[in-house]
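Novice: The residues making up each chain are set out below.
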Amino acid sequence: MKTECQNIRFYERAAEPVSSAGDFAIEMVVLLLMATGTVFVYSAGATLAPDAARLRFYETPMFKQIVFFPLAVGILLLMKRVDYRLFRLQGPLLKSPTFYLVIFSFISLAAVLIFGEERNQSKRWLDLMPGPMYLSFQPSELTKWVMILFVAAYLDKVGEQIQDFKRRFIPVCCIVGLAVGLIVIEDFGTGLFIALLTFLLLWIGGARWWHLLTPLIVAVPGFIAAVMLSPTRLNRIKRFFSFLLDQEGLPYQAQQSLRAISVGGLWGTGLGRGVFKYGHLPEDTTDFIFAVIAEEMGFIGALWVLLLFTLFLVFGIRVVLRCPDRFGKLLSAGIVFSIGIQAAVNIGVVTVVLPTKGIPLPFVSAGGSSLLLTAAATGILLNIAMQSPESEEVLQG
Amino acid sequence: MNSPTSSPIRVRSGIVLLCVFLLAGFTGLGARVFDLQFQRNRVYDQASRTQRYAVVRQSPQRGLITDQKGRVLAASSMIYNVFAEPRRLLQNEQYKLTAEILQSILDVPGCEISKRILEANNPGFLRLEKDITPAQQQAILQARLNGIGIEEAWKRSYPTGALCSHVVGFVGNEGRGLAGIELKYDSVLAGKGGQDTYVVDVFRRPLAAYPEGRNPLQNGDNLVLTIDSVIQEIVREALLKQIKDYQAESGTALVMDPWTGAIWAWVSLPDFEPHHFSKATASQLKNRILSDPYEPGSIFKPIIAAIALDSGAIRKEEKFDCEDGYWGKYGGIHEFGNHRFGLLTVREIILNSSNIGMAKIGLKTGSKTLYDGLRLFGFGQPTGVDLAGEESGILRPIQKWSGYSPTRIAFGHEISVTSLQMARAYCILANGGTLIQPHLVRAIVNPEGQITDVTPSLVGAGYVIHPEIARWIVRQAMRAVVTEGTGDQAAIEGVEVFGKTGTANIALPTGGYDTSNYIASFIGGAPADNPKVIILVSIRKPNRALGKGYSGGRVAAPVFKEILQKTLAYLDDR
Chain A
278 MKTECQNIRF YERAAEPVSS AGDFAIEMVV LLLMATGTVF VYSAGATLAP
328 DAARLRFYET PMFKQIVFFP LAVGILLLMK RVDYRLFRLQ GPLLKSPTFY
378 LVIFSFISLA AVLIFGEERN QSKRWLDLMP GPMYLSFQPS ELTKWVMILF
428 VAAYLDKVGE QIQDFKRRFI PVCCIVGLAV GLIVIEDFGT GLFIALLTFL
478 LLWIGGARWW HLLTPLIVAV PGFIAAVMLS PTRLNRIKRF FSFLLDQEGL
528 PYQAQQSLRA ISVGGLWGTG LGRGVFKYGH LPEDTTDFIF AVIAEEMGFI
578 GALWVLLLFT LFLVFGIRVV LRCPDRFGKL LSAGIVFSIG IQAAVNIGVV
628 TVVLPTKGIP LPFVSAGGSS LLLTAAATGI LLNIAMQSPE SEEVLQG
Chain B
1324 MNSPTSSPIR VRSGIVLLCV FLLAGFTGLG ARVFDLQFQR NRVYDQASRT
1374 QRYAVVRQSP QRGLITDQKG RVLAASSMIY NVFAEPRRLL QNEQYKLTAE
1424 ILQSILDVPG CEISKRILEA NNPGFLRLEK DITPAQQQAI LQARLNGIGI
1474 EEAWKRSYPT GALCSHVVGF VGNEGRGLAG IELKYDSVLA GKGGQDTYVV
1524 DVFRRPLAAY PEGRNPLQNG DNLVLTIDSV IQEIVREALL KQIKDYQAES
1574 GTALVMDPWT GAIWAWVSLP DFEPHHFSKA TASQLKNRIL SDPYEPGSIF
1624 KPIIAAIALD SGAIRKEEKF DCEDGYWGKY GGIHEFGNHR FGLLTVREII
1674 LNSSNIGMAK IGLKTGSKTL YDGLRLFGFG QPTGVDLAGE ESGILRPIQK
1724 WSGYSPTRIA FGHEISVTSL QMARAYCILA NGGTLIQPHL VRAIVNPEGQ
1774 ITDVTPSLVG AGYVIHPEIA RWIVRQAMRA VVTEGTGDQA AIEGVEVFGK
1824 TGTANIALPT GGYDTSNYIA SFIGGAPADN PKVIILVSIR KPNRALGKGY
1874 SGGRVAAPVF KEILQKTLAY LDDR
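The listed protein sequences derive, respectively, from chains A and B. Its first residue numbered 278, the first sequence is counted upward by one per residue in this note's numbering. Its first residue numbered 1324, the second sequence is counted upward by one per residue in this note's numbering.
None of these hints come from the bench; they were simulated from the model. One or more of the hints may lead you astray.
Which bits of chain A does chain B cover? Going by a derived footprint, with three or more residues having C-beta under 8 angstroms, they are [to be verified]:
hint : stretch
1    : 476–488
2    : 505–511
3    : 536–547
4    : 551–565
5    : 594–600
6    : 610–618
7    : 652–665
For each residue, glycine too, the CB sits at the ideal point set by N, CA and C.
Between the sequences and the hints, there should be enough to build the whole structure, so can you do that?
Specialist: Below is the structure:
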């Protein structure tokens, strides 16, 4: 079996791990992003005594981030050591972790709709450990990564048969479509995001143009219905477009975000000296952390974050291009674009070039499950990088 | 592994294109942040400032106004007002319960409180009740009502009421001076408001001080006036009584120190209650000493005589023919009260108050000398006393004088003066010819109690007339008015009183004179050889129908006498 053969090669390689400057750079960039995030979540988490007194110290976002930062690094290093090929679908289905992950995702998505914890008017969270140090997680967040794994593995398994519309293309669309359908009910942004990523992966994976257009017949009316059926969403989008036209009627959050950023100037008000985090700007530690960075560290701080994401993208793409096998290429591309697009969308929302959507800034925003899952995905990316030859030429030669 | 070429991966066309697309996106976002921080920041500046900072303003305490002995005439004290924050009370209809509780504390119907909260224009602030008692304050604090607060404010009070109303004036509802010393010295009394700026959270709770937004509070300076409220009281009572007795329209009275120009009493009747100035009539608010010029009549004669003697145009022993009661020249001149005089000296002309004699003195002195002398005495120009709204009277420029003018001005016609100008001219005669500056403010004292400004006691060093002429007019001519002439009602035993009566016609705005109404005046002082005080009393339109007389000697002189007697006793007592 080819699989056996590869496993042997993996162990050979592990004996003499290949590490390049590029991989090290990705690790550094990710660590810097997480460190920046921790600093600013700590800063933005500052509250006044009356509020803080009601929270136990381990419930504050600052404390959580301090716990989650090393935890995320640990998971990243752990996943770096796991061979990414484990997630392929080449062998028996029941032996592939990807299969179980897909099953688990669907169960948790269903569970969240039934037992979910409602926050900010949407059911997105599952409380895992109710109690003092509770841990909650967002099944949609997990599903996002599982779908990338699944689509990459599926495209790897079917190869060029993906061009067979009936037998190969429709099934994958149905599975992803089901997941998106379950998510879109409560979390429009993430649903749309998964659909977009799947689309990109299918396109990169060689699906035919006209095949790609067919799911839109179902997807576009579906999303339009999802928007029209929710007054909040419709309102958000309406107000966003009216803002583009006459600069008025901006939602409170977006308006506060613009004011916070505009205060920054070149060097900002100074670390910890921002004012908007004191209740003026909602979601300051999570989705709108970038506004806090731009307020406290000014244009320089904003450029720093943008630069780190740019470096992540450039080094990540290097890994994609270097990776010798189809699964690795698709999976790494999925991970790099997922993080890159999320970062762009989040900053777009914060600077109000996009309508408000609940998408966190990867590595930086406070948030337990999201951070840990992103770290795990980055670990997989690093493993792909580690197992690739130094350059593309090696493979071709 | 599978051959990498088993299915096409859109590497070049897809991945790189996407990557470039995303990088362009990041660049665009960088540009957007730059735009927000360096271009659009002006758009959001105002809004983000008002959101981030809260300003706490402290209003300064307005300065005290006291009389020359430190008796308080105007003071600001702190009061407590109840206010509501309507937007908080409107949540969950909280205002209903709140109004019910406040109803019992403030003694205002609850429905009215509710109505005012519901109809409030400003959702953040509504003043419910001013100047609550300490007990009410305690009750409100104990009730711990949400959306109800107590603010500190300043209240101006005038403990002497109407007594000094025309001097002190009053302040409006916003605490700005609107009349009198309160208006003239508003910037001195007001002080400077302080403010502290805080960085605040979304609930407007302060997080930290913002030193750039701090202005220290500076309370207003205090004023010490020249007014002596005891003398003021004496003057006001005497004048008020006489105005009532004679059913006169109005009256003015001034008491001055002839040596310094300090004004000890300033009464213009009718006056008003400064706490309720908005209910006062225009007549009550009129400060007649300043703003009611009139033709002075006979009280003007000693001044003309002084100018004439000083210029050397006439001599003291020179006799003038008073034409036996009627002089046909110069448009015809009568004596007051149809008296008939023959040959009179200057002294006799003044003590008999002869119009014909004065007309001849005026003619002999000449227009130029008269005009220059009157300017030196300060007629036709404001005295510069520290009150707003002073009129200058009318002393027409010499080019506009006719041939009759010297004869008419000589007995106080064809010229209009204010009571203050008259009193100053008598002070100049009394102090031996030195020009003085009438003033009401003796000193400015800062909140720490240090004197920052004192009014100099003498303004000009120059003499308006020779001291010996001035002394002769006072000791010989005006003393004789009281001892032998028209001012016998002002005489006090054992005191060398001097003065001059005046019964002036009232010029009509249409030209000519009101034939039935007069202004009865008396100006003078005591003692003649070293005058301590100059007193002016002027009563407008005493009711002739009462048959009690209307002349200066009958109406004004007794008031003068009463004021002088009591004032001298008070001054000796000190």
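Novice: For this structure, which hints from the list above don't hold up?
Specialist: 2 and 7
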